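Enquirer: Here are the chains, one letter per residue:
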Amino acid sequence: MSYWDVAPEHWGLIWDNLDYFLWGAAKFTDQFPYVENLGGLAASIVLAVLGILGAFWLGLGAGLMRISRNRFAKYTSIVYIEAIRGTPLLMLIFWFFFLAPILMGQTLPAFHSTLIAFIVFTSAYIGEIVRAGVNALPRGQMEAARGSGLSHVQAMRYVILPQALRNMIPSFVNQFVSLTKDTSLAYIIGVNELMRTAVQVDNRETKISFEIYITIAILYFVVCYVLTSYSRRLEKKLSRYQARDR
Amino acid sequence: MAMIEVNDLHKWYGDFHVLKGINESVEQGEVLVICGPSGSGKSTFIRCINRLEEYQKGTIMFDGRDIHAPEVNINTLRSEIGIVFQQFNLYPHLTVLKNVTLAPVKVKGMDKKAADELGLQLLHRVGIHDQAHKYPAELSGGQQQRVAIARGLAMEPKVMLFDEPTSALDPEMINEVLNVMKDLAREGKTMLCVTHEMGFAREVADRVIFMDYGEVIEQNTPSEFFKNPQHERSQQFLKEIL
Ligand SMILES: Nc1ncnc2c1ncn2[C@@H]1O[C@H](COP(=O)(O)OP(=O)(O)O)[C@@H](O)[C@H]1O
Ligand SMILES: [Mg+2]
Numbered sequence: 007m008s009y010w011d012v013a014p015e016h017w018g019l020i021w022d023n024l025d026y027f028l029w030g031a032a033k034f035t036d037q038f039p040y041v042e043n044l045g046g047l048a049a050s051i052v053l054a055v056l057g058i059l060g061a062f063w064l065g066l067g068a069g070l071m072r073i074s075r076n077r078f079a080k081y082t083s084i085v086y087i088e089a090i091r092g093t094p095l096l097m098l099i100f101w102f103f104f105l106a107p108i109l110m111g112q113t114l115p116a117f118h119s120t121l122i123a124f125i126v127f128t129s130a131y132i133g134e135i136v137r138a139g140v141n142a143l144p145r146g147q148m149e150a151a152r153g154s155g156l157s158h159v160q161a162m163r164y165v166i167l168p169q170a171l172r173n174m175i176p177s178f179v180n181q182f183v184s185l186t187k188d189t190s191l192a193y194i195i196g197v198n199e200l201m202r203t204a205v206q207v208d209n210r211e212t213k214i215s216f217e218i219y220i221t222i223a224i225l226y227f228v229v230c231y232v233l234t235s236y237s238r239r240l241e242k243k244l245s246r247y248q249a250r251d252r
Numbered sequence: 119m120a121m122i123e124v125n126d127l128h129k130w131y132g133d134f135h136v137l138k139g140i141n142e143s144v145e146q147g148e149v150l151v152i153c154g155p156s157g158s159g160k161s162t163f164i165r166c167i168n169r170l171e172e173y174q175k176g177t178i179m180f181d182g183r184d185i186h187a188p189e190v191n192i193n194t195l196r197s198e199i200g201i202v203f204q205q206f207n208l209y210p211h212l213t214v215l216k217n218v219t220l221a222p223v224k225v226k227g228m229d230k231k232a233a234d235e236l237g238l239q240l241l242h243r244v245g246i247h248d249q250a251h252k253y254p255a256e257l258s259g260g261q262q263q264r265v266a267i268a269r270g271l272a273m274e275p276k277v278m279l280f281d282e283p284t285s286a287l288d289p290e291m292i293n294e295v296l297n298v299m300k301d302l303a304r305e306g307k308t309m310l311c312v313t314h315e316m317g318f319a320r321e322v323a324d325r326v327i328f329m330d331y332g333e334v335i336e337q338n339t340p341s342e343f344f345k346n347p348q349h350e351r352s353q354q355f356l357k358e359i360l
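Same order as they appear, the protein sequences are chains A and B.
Quick note on my numbering: the first sequence kicks off at 7 and runs consecutively.
Quick note on my numbering: the second sequence kicks off at 119 and runs consecutively.
Check before you lean on any hint, since a few could be wrong.
Derived pair list, reagent style DSSO-like, types lysine-lysine, alpha-carbon separation capped at 30 angstroms [what the hints assert, rightly or not]:
1) B/K224 to A/K80
2) B/K345 to B/K138
3) B/K175 to B/K138
4) B/K224 to A/K243
5) A/K242 to B/K252
6) B/K252 to B/K300
7) B/K252 to B/K307
8) B/K216 to A/K242
Think of the hints as simulated: they come from the structure by calculation, not from any bench.
All of these numbers come straight from a predicted model, not from anything done at the bench.
Kindly produce the complete structure, drawing on both the sequences and the hints.
Expert: Put into structure tokens, the structure is as follows:
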């Protein structure tokens, strides 16, 4: 019996479960957040989006502290960034999962504690991106701004950061892509994201592991590919506003 | 009282003695041209005047106050001294008009409408008003440098510093920039210009100083300096740039 004899049946089962891969057992409600039991790819994307948004602000703070002339701020952020970059993400996920009950006296839902782990983890990398992005601008930009009477803070706010953040967009998208893939780690502490829905269906159907993991590989790939190609387009569009020389 | 009074100015980069005791005084309305070989400290000297560079010894008086006096606010000081750089350093993410109005709006708190009016008027003065809403990258080098001059003028500075404003330009664009600078000079602006453009110096400079190895080794009126340089090193230098 060749694979082609069973393929229609197997792929039929995949088709039957596709909605579960895409959004789990989601149901709409009339109360915030208007949906419950969100799972599958949708949960992965929500984790990644909230993660990158949180990490952007935390990372921006860490990055600005990293380049600040205030030594306390600078060394605090160096320790933070280096400690986190030297830690496996999976360990951070466990760490926040088991830390929450100690700190707050009650367990935090797995979704929330992984989200915190993702934000903290990604913010360290964003901090480095921010530092590199600001340092990569020609020195003349800061000199021109300060030379015209703007304070250091004003120069950062109106001249340096608008340019630096624009130049960083491709790196941010990169982080977003990494994070999207890393959301699969949330599986381990029971968050019902794409990886976990795959395992659940696999346990139930037993015979179609191959097709299941092909399917979720494609789903991860499509999301990441769309993001990267969008980033490439954006990069081209923005390059004309970049400061050249020095 | 002189507008700028520099007294025994010394600066070191580590062990390297870049400025070795500069004494110079610039009157209101005076146009001073600074020339000298590359690396002689010309940029460092004029950048000390608006404190873009720190110095270790000596004093600089601007409009009657020591620029390092505790009551002098560094941002106010800088807004009274316009500077134009060799590489233009326009803000690439802002339109030409916004490049000019940023400092008046943010530093002086000028309202946006008044700032736009001022900006357009300055752009008119340098001949770029019809490009006000373009981005710097869409302009030629000469046009960009003229925008940079308008930006420098936007805070109505008492002094303008120019650091080789035409050195990065294609030859056919040099004159459009020099003409704007000549107009400013004739209107009575106090100017310190690092430049090797002899035509400009002859036409509008009151005085030329020649720097070498961190010292001013010769100074004279432009016509005398170019016709009859006294120092061996200035003779050599003039021979090379001709
Ligand atoms: N940040 C710096 N660190 C060390 N040396 C410097 C620095 N900036 C300039 N110099 C040195 O100081 C000297 C004078 O530089 P500069 O004022 O730019 O000369 P010029 O404008 O006359 O060409 C040069 O030898 C240069 O290499
Ligand atoms: Mg120079």
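Enquirer: Could you tell me which of the hints above the structure violates, numbers in ascending order?
Expert: As far as the earlier hints go, not one is violated by this structure.
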